[in-house]
Amino acid sequence: MALSGVGIGLRQEHWSVLPTVERQVDWLELVPENFVACGGRARSTLAACQARWPLGVHGVGLSPGGPDPLDDDLLSGLGRLCDELGVDTMTEHASWSRAGGRHFHDLLPLPLTEPAALHLAGRARAIRRALGRPLLLENITWYAAMPTGAERVMSEGEWLTLVLSEADAGLLLDVNNVYVNALNHGLDPAAVLASLPLERTGRIHLAGHVEREGMLVDNHGAPVIAPVWSLFRQALLRTGPVPVLVEWDLEIPELGRVLDEADKARAILSEVCAKVVAESTGAALAVAS
Amino acid sequence: MIEAKPHPSVAEFFHQVVPFLAGQTTCEALTEQLGPSCSPPQRLLFYQRLMAANVRRILRAVFPVIAEIIASPERVGLASVTSWERLSAEFVAAHPTAHWRPNALGAAFPEYLETRADLPRGLADLANWCLQLLAARTAETGVGRLAPGVSAAHYRFDVAKLLARLADAKSDKELAVSPSAAVAELPPPQLAVAIVGPPIVLVVHRVASGEIRVLRPDPFEVAALALASGEVDRDALGAIPADRLARASDRLSELGLIIPGARA
Numbered sequence: 001m002a003l004s005g006v007g008i009g010l011r012q013e014h015w016s017v018l019p020t021v022e023r024q025v026d027w028l029e030l031v032p033e034n035f036v037a038c039g040g041r042a043r044s045t046l047a048a049c050q051a052r053w054p055l056g057v058h059g060v061g062l063s064p065g066g067p068d069p070l071d072d073d074l075l076s077g078l079g080r081l082c083d084e085l086g087v088d089t090m091t092e093h094a095s096w097s098r099a100g101g102r103h104f105h106d107l108l109p110l111p112l113t114e115p116a117a118l119h120l121a122g123r124a125r126a127i128r129r130a131l132g133r134p135l136l137l138e139n140i141t142w143y144a145a146m147p148t149g150a151e152r153v154m155s156e157g158e159w160l161t162l163v164l165s166e167a168d169a170g171l172l173l174d175v176n177n178v179y180v181n182a183l184n185h186g187l188d189p190a191a192v193l194a195s196l197p198l199e200r201t202g203r204i205h206l207a208g209h210v211e212r213e214g215m216l217v218d219n220h221g222a223p224v225i226a227p228v229w230s231l232f233r234q235a236l237l238r239t240g241p242v243p244v245l246v247e248w249d250l251e252i253p254e255l256g257r258v259l260d261e262a263d264k265a266r267a268i269l270s271e272v273c274a275k276v277v278a279e280s281t282g283a284a285l286a287v288a289s
Numbered sequence: 290m291i292e293a294k295p296h297p298s299v300a301e302f303f304h305q306v307v308p309f310l311a312g313q314t315t316c317e318a319l320t321e322q323l324g325p326s327c328s329p330p331q332r333l334l335f336y337q338r339l340m341a342a343n344v345r346r347i348l349r350a351v352f353p354v355i356a357e358i359i360a361s362p363e364r365v366g367l368a369s370v371t372s373w374e375r376l377s378a379e380f381v382a383a384h385p386t387a388h389w390r391p392n393a394l395g396a397a398f399p400e401y402l403e404t405r406a407d408l409p410r411g412l413a414d415l416a417n418w419c420l421q422l423l424a425a426r427t428a429e430t431g432v433g434r435l436a437p438g439v440s441a442a443h444y445r446f447d448v449a450k451l452l453a454r455l456a457d458a459k460s461d462k463e464l465a466v467s468p469s470a471a472v473a474e475l476p477p478p479q480l481a482v483a484i485v486g487p488p489i490v491l492v493v494h495r496v497a498s499g500e501i502r503v504l505r506p507d508p509f510e511v512a513a514l515a516l517a518s519g520e521v522d523r524d525a526l527g528a529i530p531a532d533r534l535a536r537a538s539d540r541l542s543e544l545g546l547i548i549p550g551a552r553a
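If you read the protein sequences in the order shown, they are chains G and B. Here the first sequence stands for residues 1 to 289, numbered as in the numbering used here. Here the second sequence stands for residues 290 to 553, numbered as in the numbering used here.
For the record, the hints were derived by calculation from the structure and aren't laboratory data. Treat each hint with caution, since some may be false.
One side of the interface only, derived from the structure: several residues of chain B facing chain G at Cβ under 7 Å [said to hold, decoys possible]:
#1 H296
#2 S298
#3 T320
Distance windows between CB atoms, simulated [stated by the list, open to error]:
#4 G:A37 / B:Q322: 37 to 43 Å
#5 B:L544 / G:V217: 40 to 46 Å
#6 G:A267 / B:A397: 48 to 54 Å
#7 B:A318 / G:D263: 48 to 54 Å
#8 G:A278 / B:A360: 56 to 62 Å
#9 B:A318 / G:N219: 25 to 31 Å
Only a predicted model underlies this, so the values are computations on that prediction, with no experimental measurement involved. Just so it is clear, CB atoms sit at the ideal spot from N, CA and C, and this is done for glycine as well.
Chain G on its own, in the form it takes in the complex:
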């Protein structure tokens, strides 16, 4: 089912209240690895939510950029779950998390080189084929540039453009990650945003971050800050209306607080997209006259 508007993450802390909430929620996003081959309360909550809202999935376990073979069991479990939930698009990260028979349970960066981009793109194509669905890859946070040996270092924008075009995949634009990366590496967030292949954006994520060890850490455990809201506006001017998600995964507050953030995102989405439509209509009328 197609997603639109502003969704929130389906998190265990809200299982008891979310299915009957009266405030506006346009769609829900879930981490599918938490529901593959699972029953109990997790699945009954999911069924209750599925009856009310369109669902999206955001994978964290496939290790799209890793060196180990893709996990066929996980792929088939994800395929079955997407079928059951009526999910038409898979999303994952432009990262790796498993190598040498070890899972690191985090989203780790690859070197920003052409061979690494082509490696990730090839595996992303394989994931897309295996799941029989379009794939969106998220721009991740990277706290350190990985050593690249003798290879030429690309900018993040150049690297992601190559990955997504070679993979024929879309971009899941995490606006907070753009901001965090830019500040951690002494770059201008607006310039970093502009360098990304925004024309491929199929979904937007918003989240909060914290400051730790002298840098910004994307922990999804705080409200979205003003500069990220501003960057979100700039992104929408380029992407037009796409589904937006407010993520809050650590130190999760009561549902109402998360929905306040979603309301804020929805207001900006409506305002900016109305402006985009008005401008394009005006331009079309000017051409016609």
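Once you have looked at the hints, place chain B on chain G.
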């Protein structure tokens, strides 16, 4: 699924970075092999700390009681033996997992604790119990089932005694899983019911079938259970509407937690 081998530079990257992230090699060794990073060494080292923190967080979520006992062993009358940070790191070094499900990381934890002569023997059984609770919460059928051949007798560790001991601790509310009430054996079908609070969780283990259920009762169900077990009189529950109490009682009866007409 057949996949092409990574480009040599990508393969070399993984070959060097995996032991680094696992804390087995230094930052200097990494950059010596792969060339310098544009980022300062402390940024690369941040990833080492992040990986270790991930392991601690995942294990703590599955084994909260073990984490609390290791952190504050005096609360249950044990001597300090190691730290949670060290125990987690040593465990994952011995039992790395490639499974995509984070909780799979803890699958070998009970077995590992068993091998640690410096740790109290009962910890392994308690860890096993934590795994069974997790299985009960997430089992595909909705009801957990002990592995074939495993019975309650498998748990040499006396969970009831542990809960009672923790309940005596003055600061039990600070424990991640804070058992503060009773453990009771109810008449047939044999049910071990632990009322743990807050939050209140009912752990129902049917000895005959091996089934385990974990339930979070609402306040009306707690009241109905207390009434059925004879812990309180109806008068003490005067503010609770009779119909709500009856509905709660019916649900508990359906689940086999209350036997109509019987009192413990």
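Evaluation of the provided hints:
no., hint, result
1, H296, "holds (4 Å)"
2, S298, "holds (5 Å)"
3, T320, "holds (6 Å)"
4, G:A37 / B:Q322: 37 to 43 Å, "holds (39 Å)"
5, B:L544 / G:V217: 40 to 46 Å, "holds (44 Å)"
6, G:A267 / B:A397: 48 to 54 Å, "holds (49 Å)"
7, B:A318 / G:D263: 48 to 54 Å, "holds (50 Å)"
8, G:A278 / B:A360: 56 to 62 Å, "holds (59 Å)"
9, B:A318 / G:N219: 25 to 31 Å, "holds (29 Å)"
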